[in-house]
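For this one, chain R is given, so just place chain E on it according to the hints.
One line per chain: the protein sequences are R and E, in this order. Just so we're aligned, residue 28 is where the first sequence starts under this note's numbering, counting upward by one. Just so we're aligned, residue 3 is where the second sequence starts under this note's numbering, counting upward by one.
Some hints here could point you the wrong way.
Claimed, not checked - Covered by chain R, according to a simulated footprint, are these stretches of chain E (three or more residues, beta-carbon under 8 Å):
hint : region
1    : 205-211
2    : 397-410
What the hints assert, rightly or not - Derived Cβ-Cβ restraints for the label pairs, each shown as a range:
hint : chain 1 : residue 1 : chain 2 : residue 2 : range
3    : E       : Asn422    : R       : Met54     : 43 to 53 Å
4    : E       : Ser351    : R       : Leu39     : 33 to 43 Å
5    : R       : Ser152    : E       : Asn422    : 34 to 44 Å
6    : E       : Ile397    : R       : Ser131    : 54 to 64 Å
7    : E       : Ile12     : R       : Leu39     : 26 to 36 Å
It is worth saying that the hints were derived from the structure and are not from the lab. Given the structure is predicted, the values throughout are model-derived calculations rather than measurements. From the three backbone atoms N, C-alpha and C, an ideal C-beta is built for every residue, glycine too.
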Amino acid sequence: MKTLVIGVGNILLGDDGIGVHAVRELMKHQLLKNVTVVDGGTLGIELINYYIGYERLIILDALQVDAPPGTIVRINGVDIQSKGFVPASAHDSTLTDILYFTSSFIPLAQVTILGVVPDSTSFLSLSLSECVNNALPKLIELVLSELVDKDVSINS
Amino acid sequence: MSTVRTNIVIDPMTRIEGHLKIEATVENRKVVDAKVGGTLYRGFEQILVGRNPLDAIQITQRFCGVCPTPHAIASAQALENAFGIMPPPNGRTIRNIMQGANYIQSHILHFYHLAALDFFKGPDVSPFVPRYEADYRLPKAVNDALTYHYIRAYQIRLKAHELCAIWAGKMPHIASMAPGGVSIIPRIDNITTSLWRLKELTEFIENVYLPDVITVASVYCDYFNIGMGVKNLLSFGLFDLDAEPDVTKRKRYFPMGRMTNGTIETIDPKKITEDIRWSWYNTASGKNPVEGETSPKPEKKDAYSWLKAPRYDSVPYEVGPLARVVMAYDSKSNQKVTKLVDDMLATLSINKDDLYSVMGRHVVRAIECKVVADEIQDMIMQVKLEQPVCTDHTIPEKAEGMGLWCAARGALGHWIEIKNGKIARYQAVVPTTWNASPKDDKGKPGPIEHAMIGTEIEDTDNPFALARIVRSFDPCIACAVHVLDGKQVKQFKIM
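Pulled out of the complex, with its shape left as it was, chain R reads as follows (with noise of 0.2 Å):
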């Protein structure tokens, strides 16, 4: 199945990076060929490109839900819906309206989000805080598995 690993967000705002910094991680496993691994930064809109072209998609992410700093949280894709927020540019596009108006013109791969609440994202910091930095392997270790499911085997 032929999968991408992205991770959004921005490192210069600590927690925000969290799916950067689970990315450069995952980069340093060996992962099978039908298996991309992306550093989608601060993309915005032009994440399209990434999105397009892949049966999987597994997204990683801070996500602002009601739960603790560094709880892990698993969306599935079918879950999103648009919010019908209002940017001021382009610029403020979140990935949620992305996946949503690109997968009603394109179908669009299976999409599994696994975020990670922040503590902080206000601060310019390039390192996470404590318990989101403590919840790295463990985010880790569930992208793996998410690719084992799917016959995709490791060498770590």
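Here is chain E on its own, set in the frame of chain R:
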């Protein structure tokens, strides 16, 4: 009859690069006054003072992520002018290729991702809504095709970025620019990987971009009479073809020049001045960039823009693809441009004068995209392996330099003054400063303001015509934290 007077404010003006505010005074359904204001202070000029001159090439690229390439080139040319050096043929050619790739990227970006949504209706989801819900004329099948091309254009732009990065090291904000040329040593795989990307780009331009522009132009043909420009055109030219040190005499593929009253004339850079009567600055008005200053005064009364008002010999000029293509066409200096423009005029049954309009700007930009793609194909084949790419330099204690070039959006000038081996003064006059300039000291409006005045507005709550006019100029005057919001999720599972 009493006069009905309404003020329209669009702030922020979206689907452009950067931060722009549009104000129009409408009387009896007609725009009688317009104000275009840049709402973001840049201040790069101050950042540069006191630094090593070589830093300018990297720092000025951060003006913008869409056109870092022309800033790198204009900055390197200003340094070369100050150092008294010129790049070798290979360095010149590689710069042209990088710039060409950036033009293709930028023109496709502008049409599909910024302007075309004024004419086709995107899906009813963010970021396509809210929008002015009026005057969408395309049949559903055409509209759907354009929406699909909107997504396809992202993939194509990635290819254009890659084409630039093959020579630039990375995009945006290129790494291989140096005073005296470039720092990349060309290899055969640079050439081959460029050619297949260019082939894909050319196919898109010919089979998708140009036909889409023709489709939109034929359905919205009234826009060949809306947003008429000042008809003064100015271009610093594009693609260096020789190593003449005097930039005003250098041979360029698109020539340097200006057009007033239908006559093409030469450019004397000393006649470029910037007025600040309506800008948030407190320095002297009417200075040439050689002695220009940047001293902000945000509390200045009556001012409405962070942009200064550049003028040539006290006259406003429109810059951009329209200036480059119309002057190449009128001077009959470029057979390919002549043929493409003639064919386009015939296809759409329009006159050359109709090009000074909203739709004219779109049509001409697409023509230029095709011409540039063809030209860089030849340039890629001119790259010589194992030939020098850069001329050595020494940084003088005291010198002045000027780099005049054309970004996709128009004429771009960088001016540097070096004292004690450091930057003592740096001034940049960028394309949108010309096009989106506020009024000058004499009260004469800038080109976009001029194009807005006289426009008929039927519904002041839906001033889509104004948005179409402003976007046709491709104004470029932006980044953030993106946290996924749990409120957009119906169900989740804690792991």
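Going through the hints against the structure:
Coverage of a stretch by a chain is defined here by at least three residues with a beta carbon nearer than 8 Å to that chain's beta carbons; for the region 205-211 of chain E and chain R the count is 0, and the condition is violated. With a cut-off of 8 Å between beta carbons, the region 397-410 of chain E has 0 residues touching chain R; three or more are needed, and the interface restraint is violated. The hint said 43 to 53 Å for the Cβ distance between asparagine 422(E) and methionine 54(R), and at roughly 46 Å that hint holds. For serine 351(E) and leucine 39(R), the hinted distance range of 33 to 43 Å is not satisfied, since their beta carbons lie about 53 Å from each other.
Taking 34 to 44 Å as the suggested C-beta distance range, the pair serine 152(R) and asparagine 422(E) conforms, at roughly 37 Å. In this structure the supplied range 54 to 64 Å holds for isoleucine 397(E) paired with serine 131(R), their Cβ-Cβ distance being about 55 Å. Between isoleucine 12(E) and leucine 39(R) the Cβ separation comes to about 31 Å, which falls inside the hinted range of 26 to 36 Å.
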